[in-house]
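Peer 1: Below, each chain spelled out in residue letters.
6 protein chains.
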Amino acid sequence: MQPNTYIDQIIALALAEDMGTGDITTNSIVPAGTKVNGSFKAKEEGVICGIEVVKQVFDTLDKSINFTPFCRDGDKVSKGTIIAEISGMAASILTGERVALNFLQRLSGIATRTAKLAGQLSETSTKVVDTRKTTPGMRVLEKYAVKTGGGQNHRMNLSDGILIKDNHIKAAGSISRAIEAARKNAPRTLKIEVEVENLDQVNEALDAGADIIMLDNMDLNTMAKATTIIDGRALTEASGNMEQKDLLEVARTGVDMISMGALTHSIKAMDISLKFE
Amino acid sequence: MQPNTYIDQIIALALAEDMGTGDITTNSIVPAGTKVNGSFKAKEEGVICGIEVVKQVFDTLDKSINFTPFCRDGDKVSKGTIIAEISGMAASILTGERVALNFLQRLSGIATRTAKLAGQLSETSTKVVDTRKTTPGMRVLEKYAVKTGGGQNHRMNLSDGILIKDNHIKAAGSISRAIEAARKNAPRTLKIEVEVENLDQVNEALDAGADIIMLDNMDLNTMAKATTIIDGRALTEASGNMEQKDLLEVARTGVDMISMGALTHSIKAMDISLKFE
Amino acid sequence: MQPNTYIDQIIALALAEDMGTGDITTNSIVPAGTKVNGSFKAKEEGVICGIEVVKQVFDTLDKSINFTPFCRDGDKVSKGTIIAEISGMAASILTGERVALNFLQRLSGIATRTAKLAGQLSETSTKVVDTRKTTPGMRVLEKYAVKTGGGQNHRMNLSDGILIKDNHIKAAGSISRAIEAARKNAPRTLKIEVEVENLDQVNEALDAGADIIMLDNMDLNTMAKATTIIDGRALTEASGNMEQKDLLEVARTGVDMISMGALTHSIKAMDISLKFE
Amino acid sequence: MQPNTYIDQIIALALAEDMGTGDITTNSIVPAGTKVNGSFKAKEEGVICGIEVVKQVFDTLDKSINFTPFCRDGDKVSKGTIIAEISGMAASILTGERVALNFLQRLSGIATRTAKLAGQLSETSTKVVDTRKTTPGMRVLEKYAVKTGGGQNHRMNLSDGILIKDNHIKAAGSISRAIEAARKNAPRTLKIEVEVENLDQVNEALDAGADIIMLDNMDLNTMAKATTIIDGRALTEASGNMEQKDLLEVARTGVDMISMGALTHSIKAMDISLKFE
Amino acid sequence: MQPNTYIDQIIALALAEDMGTGDITTNSIVPAGTKVNGSFKAKEEGVICGIEVVKQVFDTLDKSINFTPFCRDGDKVSKGTIIAEISGMAASILTGERVALNFLQRLSGIATRTAKLAGQLSETSTKVVDTRKTTPGMRVLEKYAVKTGGGQNHRMNLSDGILIKDNHIKAAGSISRAIEAARKNAPRTLKIEVEVENLDQVNEALDAGADIIMLDNMDLNTMAKATTIIDGRALTEASGNMEQKDLLEVARTGVDMISMGALTHSIKAMDISLKFE
Amino acid sequence: MQPNTYIDQIIALALAEDMGTGDITTNSIVPAGTKVNGSFKAKEEGVICGIEVVKQVFDTLDKSINFTPFCRDGDKVSKGTIIAEISGMAASILTGERVALNFLQRLSGIATRTAKLAGQLSETSTKVVDTRKTTPGMRVLEKYAVKTGGGQNHRMNLSDGILIKDNHIKAAGSISRAIEAARKNAPRTLKIEVEVENLDQVNEALDAGADIIMLDNMDLNTMAKATTIIDGRALTEASGNMEQKDLLEVARTGVDMISMGALTHSIKAMDISLKFE
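Residue numbers (the working numbering), protein chains in the order written: chain A, 1 to 277; chain B, 1001 to 1277; chain C, 2001 to 2277; chain D, 3001 to 3277; chain E, 4001 to 4277; chain F, 5001 to 5277.
I should point out that these hints are in silico values taken from the structure, not numbers from a laboratory.
Please note that the accuracy of each hint is not assured.
To be verified - Computed, partial: chain F to chain E, Cβ under 10 Å:
id, residue
1, Ile5010
2, Ala5014
3, Ala5016
4, Val5036
5, Glu5052
6, Lys5055
7, Asn5102
8, Arg5106
9, Pro5136
10, Arg5139
11, Ile5179
12, Met5242
13, Lys5275
14, Phe5276
In this text, a Cβ means the ideal position worked out from N, Cα and C, and glycines have one as well.
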């Protein structure tokens, strides 16, 4: 995991909101200088994600804490696996415990689910990709979890990808005019993606030179026709409540990507505990 | 919703991470000065939460945006209900759209689930309460959503409640010593809660004057015995994978509160759309 | 002292406001690479508070500075005591000197005064407690100084204690309705305190189940009657210009706590110097 | 009062530390939409300072609050004077009340004391000036209070004045070398002040062209000799526990300025209340 | 100009660094309440850029300032043109004056130079593009100025474009392996650009499916051969000390883009004054 | 270079704006754990400035990077000189590379130009000084570069120097009244500078006791008369498009300082590369 200012900020905010004016329980009861040892344990099977974040959480609090991971992001672990050990000043570790787990459980939950879905597509060339439907403040980390689980990332935010939707088309007058405006005004380093709903729009987008065509809320039959028409001249992305579909069937229409908001808008934390000796 | 610095921070972070260096699609295609009207619509039944957050998101971006809500936080809406309307500069609204929905859908998802669980207990005096297992950065808002849905809040963070766990007890030597230390060192404005696992510990906590006793991972039978022993001398809280239990059965043991991490550690977004005319 | 974001912020602000664009005197005159040794000396008797803050001030500026404390927060020192030694790059130490002393002198001043007052009550069970009348930005540190001096903390801020005042009572209609609303809406982990001015209100607060009753601006006679009525059913707090009273007399009315705004709203710095060899 | 980033920061920090996760008492008891009217009243005689800060505190919280001041910073008020009125949403005003008073009482306390001391010198041309011994985070405001009370400001921080002390002299080798280095390396827009302890040093500083000479811890007799020697060729500043001296006697030695750390390192808040109707 | 957090930050920093603890000259001399009117005037011919930034600078300081622009970003003005008028409180306007001009002059300087270069290519389809060689903190604004002047933007930062350089190629083993890794691991919404130095590399990049090929430090002859080989199968970018070349000659080799670091790494401010009546 | 909060802020902002959500190229292609060695090389003759900034940039990203400088700020280097070496994790170094160079090249460009101009005056006692016409966010660093190149600094910002301009004079009524107001209201530690345009104003400023007189836009003849009149009673500063003048001729009028906005408002980066082995 590279240095990243968004990650620094969400960790700082998470610590601040959980710490308040200080851990009054530990402060009042645990003698200064008390040390503890503990271990992070998987209480169910899953794909681990967030090891480096946990490290950064504790580093931010107290650089003298020893955190020793036994697996890396992306490792699949079984129930009962010891993921990492930690030791150091009780006051620091107890202050960071909940924040660390809150990151680790959510990110591992996302990676686990993505891995399951990506597994369904393992014999195809179609990829599961994420969306911008991420939890506020967690964008970079949640997309990292999707990638860790074997998915691919779609654009990270509004500035690193062009995605022309209905509204933009209306404002420009037509799909071709919208694409023309994007080509003229946006950096050429970005691909141009267009959201379409029917085969006429597919053709218009193709003619206008779209780099990616998003097939939105199409039935499987139409989707297959679309990929046949496009025939490799643009990348294709299936979209629209994909969490309710059989992904393998979608993949068989020939699309390159299946994007799914539910990867990040609905999250089930993986059960991981931190127990002290 | 009161002014709150944590909310300001998470909104600022959410906008920053989604905006990047700017909305390149809108910038390149939509003519400067273009205006839009849109409406937020519930695409499934649920309890709305986050109306004020949505307002603050758009206010932060552009004070000239008009946002007109048709319901208030806590209102139960049916599928198809128009929740709010918005109008103003397209460039501003399109920049804030996804962030606003990301807040609104998650918070409404939490409120909806909490309302369902609270409803199961409506004929009892037992309350569903949350935990600190919240999404990093979203603590204040997620706890607000639990309250909006009819739950009660447990402590907000490490500084506004004393919760003596296993570790603190070991460090102090015994439950009674831990409670004594807390009473001596912590502000008297805070209640002292102790986590116990068996009836011996219940008695020890009671004798030492605990204000709240958390019955952790007890079977229903033991829990009922515990509440009989306690008999109103302390508040009682049932805890431990409560999302897998029948809450009404738990409530019938006589506990005052049932705390459930899953209220916030596992989230299903409510389906809400923003459509433009 | 635990890691704390409020302390980090006030230290950063204090350094920024004193540094401006840089220490022009040292920069212009002291050759790069010059080192100094110095010692912090008590120039009057007092209770030291702020050793860790001083350390953090210098750490923030330059991690290579050696700061060696000879006493700990809470130690009572006599005039002439060497509190700590410091050595390292002159440019860094001279930049941090004034900020470090500004913290240390104020916090020690508060601890010293609190210790004196707490000493007057040492043979009673009554405690001196602080208020929210602290210096802007210094809340956590000033309350820490009160505790260091032997006082107890009252609530830290508006979120970690319920204190029902005149205004809340008017808005709710009566003391009992205000208490009922608090019990229903606020986290149960917090005690409910009510401010009362006469014995009728004492009775009403008791009946409604207040956890703490603040006896505001009562004469000693009335206060004694109040504690007799309350008889341990609630904690009691004496309040109202207590800096002008004989605390031992107040304690003899039987109150549990005496709160005093003057502990932090009026401060006399302890005289401490940093001299270089 | 001009816009100022340090003031913005200390107000933001003060609000954050007092608000925590929200005003739980008001939130739980006062019905949404409740409005209040209140007035700030001087409970003792003094010089008001901080009216604009109070306004900014409430503006930061809620722009719809009406705050109407009846006096301006620097006005001397008698006991019982209504300083300002306020009206608006109860939730916002109650959240800001304590923070506003904490600023207003301290700043008015400083202005009041400074006014008293400046008054003692009113028939002389000597001015009372402040030092860098200010409360962390409050530098700009406390110096503003000194000026409001009729004192003058010394340098604001390490970057806007050259003050050569013992240490700098040692590092440079002599007073004259230190002054020479400052003249060569520092901006010429800044005056050069030197701290001296005896008449030899006075002469050396004069010869080297010091713009200001600080007479540190001199007895009145020596100080008078120093001003006679200097004879207007440099400004003079008396320094060293001046709070324990008769300022008029010090002024009669002919010094231009008397600097006093106690103006800001030891503060007695002025008694001001906010009462609601 | 859209809302943008980077612009907010650089404006805040610029104001803070210029304001210090306050405008001591204006504060000391100009009576409170004094108002001024002034006008921004072009003192040489150029392309204006930064009107909205100037507005935001003054808005940040004081919302009651009236700022009336007479031209828009991108307008070419002649010497003597009045660009905008301003009126309001002297204290606020004098505080913001220098900061506003510092932005306006630099951005207009960049736009003016870009316009001149883009003009040289106006009869070709080749575009002048910028690089990441921007002034620290000014990235978004300087790239905006390039676009305002008629240039196109290259990638904004490390996250919104893939640019494979020598180092990446070495780490991957070959151009084709580097491209393969990028296609597998990076979002598909981004184009893949490769920096090449000779025709062999051009062929390798083409075969591996590069979307953009940067022809780095090639002579014009080789560059022309490269575009002939590529023949529209990838976009082409000429790079390497282009400020020393005849751009029209470079364009005639058939490249799509000419990137020039000097557009932003070396800046000549446009001469613009703010005069008061 | 001393610790400085403005430098910390601009480095953080520069890294954030260049990093975006992460270095997607390196992330996708360079295997985790890859290390690199590189060297910074001067590609033209110049005066180096910014070595410590480069160090801080990389330290901020990754404390394990080794950065070994071979020269110090202010060293004059010839074309081809190796300025520094760097080694460590590729992911970190590649992320910081562009930001480091952007600082180093600009600051060295300023130092180089200043050195050239200062060299022209080396046989006079006149100094080249900077102005407030610096790049937003870069004030402290750009002024440091001027000093590194052998220039002197004028005031850093609005708070550390009094500079009375036309506007202030109008508001006060006359030069003498403006100076009187400044002497009364501003800290005495600051010198008072007045901007004048003719010899009458020179005399008025002298009579009123100005410490520095800025001769603005005077021809050389008038300037020489002015310095004759002033005759050492005030410092003198020549100002007004000085970049278009022969500095030695200006110096011969006898002025103490020549201030030049172009030192920082128009910048030519020094050509420095970072090459990896």
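Peer 1: List, from low to high, the hint numbers that the structure doesn't satisfy.
Peer 2: Result: hints 5, 6, 12 break, sorted rising.
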